[in-house]
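Read off the chains here:
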Amino acid sequence: MKVLVAVKRVIDYNVKVRVKADNSDVDLANVKMALNPFCEIAVEEAVRLKEKGIADEVVVVSIGPKAVQEQLRTALALGADRAIQVETDELPDSLAVAKLLKGVVEKEQPQLVILGKQAIDSDNNQTGQMLGALTGMPQGTFASKVDVADGSVNVTREVDGGLQTVKLQLPAIVTTDLRLNEPRYASLPNIMKAKKKPLDVTTPDELGVSVARTVKLLKVEAPAERSAGVKVADVAELVEKLKNEAKVI
Amino acid sequence: MSILVIAEHDNATLNPATLKTLAAAKQIGGDIHLLVAGEGCQAVADEAAKAEGVSKVLLADNAAYGHFLAENLGQLVADLGKDYGHILAPATTTGKNFMPRVAALLDVAQISDIIAVESADTFKRPIYAGNAIATVQSEDTIKVITVRATAFDAVSAEGGNASVEALDNVVNNDKSEFVGEELAKSERPDLTAASVVISGGRGMQNGENFHLLEKVADKLGAAVGASRAAVDAGFVPNDMQVGQTGKIVAPELYIAVGISGAIQHLAGMKDSKVIVAINKDEEAPIFQVADYGLVADLFDVLPELEQKL
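For the record, the sequence lines run as chains A and B. Per the numbering used here, the very first residue in the first sequence carries number 1; after that it's consecutive. Per the numbering used here, the very first residue in the second sequence carries number 1001; after that it's consecutive.
Same shape as in the complex, but just chain A (with noise of 0.2 Å):
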């Protein structure tokens, strides 16, 4: 069986964020990247899948300009075992990675596509849901996790009210949550051998997929500061504060 992940590089999720003096955008100037933290879940998954002999080859995408290379190493390095990169310098919205991811679908036929549920810069929570409508792929969001067996996936699931579990006919989409697993550390000799794995490039044109955008982003702001109130002694002048001055009990 193959598997097909999708990563995206994003801001690492240890820097803080600034937003532009002209509020057009977040400041991403010599901000240090990383992997989505979903995405690196992802990758686990696909791996331990392979490792426990299910699926037998890792193919990790990743959709950007050639820095988006950089998490495709490390993808590889983690032990996909190789990679295509869908060049673009543009920033496509979530519903035209969902199309280029499907034009990969397509060429590569995986019978499983393991996204991260979310990215941790746009939050939008969106591709895996965009790409299962597109292709009619059946999906399983929010994994906590994920059996596979004989020509299909039970995907249990993280909802708001506890867990879930459906059973999905393969092919199909799992999209990460946090506790699906703990991603190992990729050690100096993986990396030097993902250095030699193959990478491939392709392009929204080759996939025939426009990269447009419908949503225009107008602005950018801090969000409103909430300042540090008041130490108080103990519980009584606690109790006393909340009924009194704060008048919430």
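Treat the hints with caution; some may be incorrect.
Said to hold, decoys possible - In silico BS3-like cross-links for lysine-lysine, where the CA-CA straight-line distance does not exceed 25 Å:
#1 K1270(B) <-> K219(A)
#2 K1026(B) <-> K102(A)
#3 K1175(B) <-> K2(A)
#4 K1026(B) <-> K1124(B)
#5 K1026(B) <-> K1056(B)
#6 K1175(B) <-> K107(A)
Calculated directly from the structure, the hints in this document are not laboratory data.
Fit chain B to the supplied structure of chain A, relying on the hints for placement.
Coordinates of chain B only, in the frame set by chain A:
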């Protein structure tokens, strides 16, 4: 153009997030239709018909929608949605699951998690875990939107008198099926709807100690939440997690106990009206957003708090 709002419910009662999504629809302006899709959910449709501002309730009552599978719901809503200018659903795990499928089937973008309506085509939404707020304008003919319920004040649940129209179109795909669910049972209010939330973090040390929080919660009629650290450590189940990737809450009073205040957690609760932090580490970042901070050992504070309330 009319607006189609998708109701969130459990086949028995309407989830309050629906009333907040209706508030966003009202701000956009236009005739509002509410779709109740589920199984054995006539009572939900009757309840929904009384909601303020709804002119028509569409009822799709069929086993195919009983567990809100995205494949079925997405196709149903896309089929119905063609004739609307806006399609809105609350950004719950159900809404997040099926709405992008609707958008893709209609070949339009989706605007996720809006927190404000600027005009019929312009909305504000948080990005980078709420560390920035984007204003976006959609050029799509149909705007597919999920709504962060905590950012809107609910419309009234009473006073409306909408007609209920039963639909007979059934979408039932053969590629996905419901297997089972483990839903947390609690006598306490729902986290996202509670007016008081008390949450515990890694400082609680183990799951057993959460009963100290529960005792305080019972005095306050509060819901009990947790930080990601507490969930990851296995103290409590995932559905209690408050944060960027868990539940977003904005109660009148939020009490953070033994929580350091990672950005991830703050993203889920910083819109609460009053925030109380109890932590023995006075350097904990949670104190920077708290209205009232108490630097003390939570194991001393919680029993005393329970007693004084």
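Check: Does K1026(B) pair with K1124(B) here, judged by a C-alpha cut-off of 25 Å?
Finding: holds, 16 Å
Next item on the list: For the pair we were handed, K1026(B) and K102(A), check the Cα-Cα distance against 25 Å.
Entry: Answer violated: K1026(B) to K102(A) is near 36 Å, above 25 Å.
Next item on the list: Take a quick look at whether K1270(B) and K219(A) sit within 25 Å of each other, Cα to Cα.
Entry: holds, 22 Å
Margin query: For K1175(B) and K2(A), compute the direct alpha-carbon distance and say whether it is at most 25 Å.
Written below: holds, 19 Å
Notebook entry, point to check: Holds or violated: are the alpha carbons of K1026(B) and K1056(B) at most 25 Å from each other?
Noted result: Holds - the C-alpha atoms of K1056(B) and K1026(B) are around 14 Å apart, at most 25 Å.
Next item on the list: Below or equal to 25 Å on CA atoms is what counts here, so check K1175(B) against K107(A).
Entry: holds, 22 Å
Consistency with the previously given hints fails for number 2 only.
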